[in-house]
Amino acid sequence: MTESLFFFFASLTLLCAIMVVISKNPVFSVIFLILTFFTISAHYILLNAQFLAAVNIIVYAGAIMVLFLFVLMFINTGKNVEGTLKRNVLVKIAGTVAGGLLFTVVVAALKDVTLGNPDPATYDSQVGMVENLGKVLFTKYMLPFQLVAVLFLVSMVGAVMIGKRETGEQNF
Amino acid sequence: MELTNENVLGKLIAQFGEENIFDAYDPDGIMTLTTTRENIIALIQYLYDDKDLQVQFLTTMAGIHFPDHKGRELCMMYQLHSLRHNYRLRIKVFVPAEDPVLPTLTNIYAAANWMEREAYDFYGFIFTGHPNLIRILNIEEMEYHPMLKQYPLEDQTREDKIDTYFGR
Amino acid sequence: MTLSERMYLPAIAQGLGITIKHFFKKKATINYPEETRQRSDIWRGLHVLKRDENGAERCTACGLCAVACPAEAITMTAGERKKGEEHLYREEKYAVTYEVNMLRCIFCGLCEEACPKAAIFLQDDKLAPARYERDEFIYGKDRLVEPLKTTETK
Amino acid sequence: MATDNKTADTDQLQEFRDNRDLKLQDKKNENLTTLNLGPTHPATHGIFQNILQMDGEVIMDAVPTIGYIHRAFEKIAERRPFYQITPLTDRMNYCSSPINNMGYHMTVEKLLGIEIPKRAQYIRVIMMELARISDHLICNSILGVDSGAFTGFLYVMQEREHIYDIYEEVCGARLTTNMGRIGGMERDLSPKALHLIGEFLKRFPKVWAEFEKMLTRNRIFIDRTVGVGAITAERALSYSFTGPNLRATGVDYDVRVMNPYSSYGDFEFEIPVGAKGDTYDRYLVRNEEVWQSLKIIEQAYKNLPEGSYHADAPHYYLPPKQEVYTSMEALIYHFKIVMGEIDAPKGEVYHSVEGGNGELGFYLVSDGGRTPYRLHFRRPCFIYYQAYTEMIVGGQLADAILTLSSLNVIAGELDA
Amino acid sequence: MSDLNKDINMAEAPEGHSGAGFFATSFEKVIGLARANSLWPLPFATSCCGIEFMATMGATYDISRFGSERPSFSPRQADILLVMGTIAKKMGPVVKQVYEQMAEPRWVVAVGACATSGGIFDSYSVLQGIDRVVPVDVYVPGCPPRPEQILDGLMRVQDLAKNESLRRRNSPEYQALLASYNIK
Amino acid sequence: MDSVLLIYKGIYILAIFGISLLIATYSTYFERKIAAFIQDRVGPNRAGPMGLLQPLADAGKLFFKEEFIPAKANKMLFILGPGIAMLVAAMSSAVIPFGDTLIIGETSFDLIAIDVNIGILYIFGVVSLGVYGLMIGGWASNNKFSLLGAIRAASQNISYELAMGLSLIAVLMLSGSLSLKVIAEQQTGFNWNIWYQPLGFLIFLICAFAETNRTPFDLPESEAELIGGYHTEYSSMKLGMYLFAEYINIFVVSAVMSTLYFGAYNFPFMENLRNAFDDPVLGNNVVTIIGVAVMFAKIFAFIFFFMWVRWTLPRFRYDQLMKLGWNILIPLAILNILLTGGGILLYEYFTNG
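Residue numbers (my numbering), protein chains in the order written: chain A, 183 to 354; chain B, 712 to 879; chain C, 728 to 881; chain D, 32 to 447; chain E, 11 to 194; chain F, 14 to 366.
Don't read these hints as lab results, they were simulated from the structure. Be careful, since some hints might not be right.
To be verified - Here are the computed lysine-lysine pairs in the BS3-like style, where the Cα-Cα straight-line distance is at most 25 angstroms:
{"hint": "1", "chain 1": "C", "residue 1": "Lys777", "chain 2": "D", "residue 2": "Lys367"}
{"hint": "2", "chain 1": "D", "residue 1": "Lys352", "chain 2": "C", "residue 2": "Lys844"}
{"hint": "3", "chain 1": "D", "residue 1": "Lys233", "chain 2": "D", "residue 2": "Lys223"}
{"hint": "4", "chain 1": "C", "residue 1": "Lys809", "chain 2": "C", "residue 2": "Lys820"}
{"hint": "5", "chain 1": "C", "residue 1": "Lys820", "chain 2": "C", "residue 2": "Lys754"}
{"hint": "6", "chain 1": "D", "residue 1": "Lys244", "chain 2": "C", "residue 2": "Lys753"}
{"hint": "7", "chain 1": "C", "residue 1": "Lys868", "chain 2": "C", "residue 2": "Lys777"}
{"hint": "8", "chain 1": "C", "residue 1": "Lys753", "chain 2": "D", "residue 2": "Lys233"}
{"hint": "9", "chain 1": "C", "residue 1": "Lys754", "chain 2": "D", "residue 2": "Lys233"}
Claimed, not checked - Just some of the chain E residues that point at chain B, by a computed CB distance under 8 angstroms:
{"hint": "10", "residue": "Lys99"}
{"hint": "11", "residue": "Lys100"}
{"hint": "12", "residue": "Asp132"}
{"hint": "13", "residue": "Ser133"}
{"hint": "14", "residue": "Tyr134"}
{"hint": "15", "residue": "Ser135"}
We put the CB at the ideal spot given by N, CA and C, even for glycine.
Okay, chain A solo, but in the shape it has when bound (with noise of 0.2 angstroms):
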């Protein structure tokens, strides 16, 4: 069951995955964007890790596709985006030669990888639930953790910042 799912999962993700790159319309490859988000959330799950989905879906599918959307909608107003790109032989060589390089490592890559097989009997299937990680964030990874939420404080703060500018106030 579980393995037909994660095929099913896979192969979806790859052909949403595929259709983002050749779809001509921006705003369709974001909506399969967001669709290959949500086959990767659906592995998320299958591996038990279910904080991770749901953040997946909240911070990528939530915010920041609605962001690309947004900014997509803005230049495509009326505008036919399709058949703009231009397609001369050089552009086509240079796809080729990218995408072959890139085909070459991922062989390189995968040519060595041998597939763990995890033992039942040590494995803890609770190891992708919230209070594992949040153990992990608080113990091994605490000054990551931290430095990465005062990053996002002060991100916070600047973004409030600038808000505030646009009021013509002055600030500082």
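Keeping the supplied structure of chain A fixed, place chains B, C, D, E and F upon it in accordance with the hints.
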């Protein structure tokens, strides 16, 4: 200075001369005088700038058509108001129907913009120097100026009126 | 703005208070068509051509109402009263046809005011009804003249 | 009064202006979108079109088009006898028809030289002030509707129904009143009408206070309106603003005081003025004017003099119906007046009244015929609307809509 | 609550054969009833009649009793086009355009003297009745009509809606009507 | 999971879905009635007794109205938009605990569809997706008003999600769990979170208004400015779905607020009531059933509040709305987190010595 019709008229005649300020009378307590189109802007500007008068409010502008007055068929009436002294006066300019050209007032009063467009629309006055002299109320395609007396109230060419019963 | 006004909430609470007060208030709605609103006695409603106390039509087709009508909604043709029609028409002249175009009519009441014979009235208790066809709005004498019996009761 | 310290802070206005200037500097940004506002946009109430050049939500330029309900009032007026023009004036500013009616009647009376008895004048004052109230009611409550608060509108609409009841009792119609005649009123105030006015005076202040409570000090509303669509006194005068919109900029010009007509001199009232000429000031000025109108009505209602309700002018004023039926002389006058053959003198008059929206002027040229030779209406809305572009540029779309409602531009008057 | 409703005519249940737990009626009638009780108006208010429409929406007359209080200013969502006020020649094409944008089923009510016939404004600039540009279903006379009359007009439209075939817009008569107005 | 529970879950999910649809349908009716009552009117009263069939009439009409796809619109996305809005709205009620457990025989039935341990995040994630429906629909209509509405919706939702999330964190700090079920269970009796988190609740409430696009935050569809915003071009049932989604969202948000801050199905003196019965099973079931009623009463109270506010307040302007979100609510929410953290520290300091 208390503004009365007499002293204002005296002041204006002293400034512009008898030949440019004429036909002054007051039909309803508001002094009405006539000037020429060469002097109209200068006159209104003078009224605007003068420290004693301060006539700085354009109440309204109205065209009038007198088909029987040969050579001066079209009349433009400017009604001005001095808010400081609560004094109103009315200035008329007559122009011939075949040459309905007047200088624009938009440089003194912003309000004159649409009033002049309306006068153009209704009577066909041409205001030289007007920034955007196009029809305002009627459709652009209209071929005549409907307020001229020779045109009937109803559009003669139209076919959309089917009430055969009515009309005097 | 005072501090409390700056905080949004007091004014919002006040507004909410007012609206909830109205929530429980008696409703002002009149359930038309089951109930009708009281109209004033001089309301200018649908036209009627009056009869006199003997049941004869008052209108003499003088045409003043048509002249007074700013919308030009009234037309009539006058006719001479024949012998034996005295009980039908009050004066020697009468309106053979009398038509009001209810679509054009603006119910200004000038016709009523112009009538020297107290013949045309805008009644307060009837309104011109909505209809489907344009032709139905030419009200002829058949619909304008007051029915006979109401004169006695009124 | 709008000038007291109750008004919102001036720094908010300054902020708005700075902001606008800042944004206008970016005007070189070529990425403007064109937005067609109207002619059937819900916020345009009547019908006018604005083609806006927008940068995001900010309006960079606006091209107004009007004339969508041009009805040729002035031309029709040249073809109708004097008394048939009253119904036309109803339909100009239909929110305050009685003021238009009375204004026109006073103009003709001025031409004919008729003196109106005090009682008729007082009745006129009551009716005109009621009309002003109903005009301001609509304007201010629609301002609420356009800012999203629908409910206050329905509260005051109920009061407007009561004003309509009074109209109905006086003239027999609700909206297009055709009230009064040349030479006075068409009938005296009935006891029921007097009773209704008394009731109205008692009930209305509560409703209006409630309406004010809902909006005036609500910060959302203040934020939406302060600094929005502001115009300076100089520009407003240059645009020939009058009425509440001019008074909101701080100029205390009111025809009722400057050129008192219809015994306005007898009454005690104040002219509220604003300071900044923005939407909020216009709203406050109108609110306060409603209170002042109430004061005037109260005085006129209390001191309503005895006497005739029309002038003694048999040549112009229709004789009583009863006399028409009986006396030959009255019948002749009746015919002459209805046929429009009154002996109007040659001449020209200008008369203006303080309409719901500002100085409503009538310029009447008579050549002695049965119809006016030329009747020009000075329509305040026509004048306001041309300043609209200047007032909304630099603001946001939402500002433009509130500015329009607070200017109270009524299409029927705008397009004539 | 109950006393508010005591004198109100309910929308009548469609005629059908009612038996024990059995109620058959033609589907069209049900939909017709639904349509009749949910007529969203597009108030095309240009002048005075628009003010009376406000009164109709107001508490005293309350058009919402008929399920029509949601004014749809977007023509796509509206069911009846209420043309209220003078339509000048300049405005005529706009009315037509709005009508074309409306989704079927659509009805048009011409409210007031100006919209129905031009009324007092028999002048060069005013369209003498909107039935010159769009097909009108119901005429409401008056200048302006009282709110009662506007509600009357609305009830006439309800009658139309109740008795109309679902496939009205496919009928050849309707197509011919639209074609006569030059509406695609 | 044994088959009884599986079948039960299926039935329960369907029931919850049905209930949310029903509530959304009748919300339209109550909205109209409440609006009418607030405005001294009587509201719809001619379709059925007291107008109760009004929503059905609307639905019937919308179903049989002409489908209209604007000529230049992107057809697929145009249809997709309302679909997404509806789907997302309907998905979100799955993790809300509408009641405690019912015990029938040996089996106990949880009155919650899916008790995931990240319930709050689930709702948060799903609700944040709702904006796609509006954005895609608004964009695909190829109408400038719709586009403006879509853009407003997007920026508004993103901005207010932040403050909403931050205000939630304070609740999570108190409860120590992401599961709505756990959070509900913690607030037994009268021990509701609102007493500890008044500021947080206020922020959440405001953000809830913004997330559901209700007045005073109904900018995406403001009638006066945008003629309906993103749904300007929609007719027939596609419009109906947008309107529907809005009401389902209100229902869900009300349920979430009752769960998070107003003790979900808990009510005062419930323990006393439970102990008053001799039979613990019966006591439990009675309390549960009353609890469900209490939960729905709270939800309806919130729905009523939403409508009450809608018919009272004017709406914000776009920039003011953003300012409120970023400059006021977010700092307040951060402050609330700090206060909550401090409070917890103090409490622990005093209780543990």
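Interface restraint verdict for Ser135 (chain E) against chain B (beta-carbon cut-off 8 angstroms): Holds. Min distance 6 angstroms.
Does Lys820 (chain C) pair with Lys754 (chain C) here, judged by a C-alpha cut-off of 25 angstroms? Not OK: Lys820 (chain C) and Lys754 (chain C) at ~54 angstroms, beyond 25 angstroms, violated.
Decide if the proposed pair is consistent with the structure: Lys777 (chain C) and Lys367 (chain D), CA atoms, cutoff 25 angstroms inclusive. At roughly 24 angstroms apart (the allowed maximum being 25 angstroms), Lys367 (chain D) and Lys777 (chain C) satisfy the hint.
Status of the Ser133 (chain E) interface restraint (C-beta, 8 angstroms, chain B): This hint holds: Ser133 (chain E) lies near chain B, its Cβ roughly 6 angstroms from the closest one there, short of 8 angstroms.
Would the hint linking Lys809 (chain C) and Lys820 (chain C) be met if the CA-CA limit is 25 angstroms? holds (9 angstroms)
Does the structure keep Lys352 (chain D) and Lys844 (chain C) at a Cα separation of 25 angstroms or less? holds (9 angstroms)
What's the verdict on Lys754 (chain C) and Lys233 (chain D), does the C-alpha distance respect the 25 angstroms limit or exceed it? Holds - the C-alpha atoms of Lys233 (chain D) and Lys754 (chain C) are around 20 angstroms apart, at most 25 angstroms.
Measure nothing beyond the straight line between the CA atoms of Lys868 (chain C) and Lys777 (chain C); if it is 25 angstroms or shorter, mark the hint as holding. Answer holds: Lys868 (chain C) to Lys777 (chain C) is near 11 angstroms, not above 25 angstroms.
Take the C-alpha atoms of Lys233 (chain D) and Lys223 (chain D), compute the straight-line distance between them, and say whether it is at most 25 angstroms. Within the cut-off at roughly 15 angstroms; holds.
Hold the hint about Tyr134 (chain E) up to the distance rule: shortest CB distance to chain B must be less than 8 angstroms. holds (4 angstroms)
Given Asp132 (chain E) as an interface hint, is its Cβ closer than 8 angstroms to any Cβ of chain B? holds (6 angstroms)
Regarding the hint that Lys99 (chain E) lies at the interface with chain B, is the smallest CB-CB distance below 8 angstroms? With Cβ-Cβ at 6 angstroms, under 8 angstroms, it holds.
Hint 5 alone, counting from the list given before, is not met by this structure.
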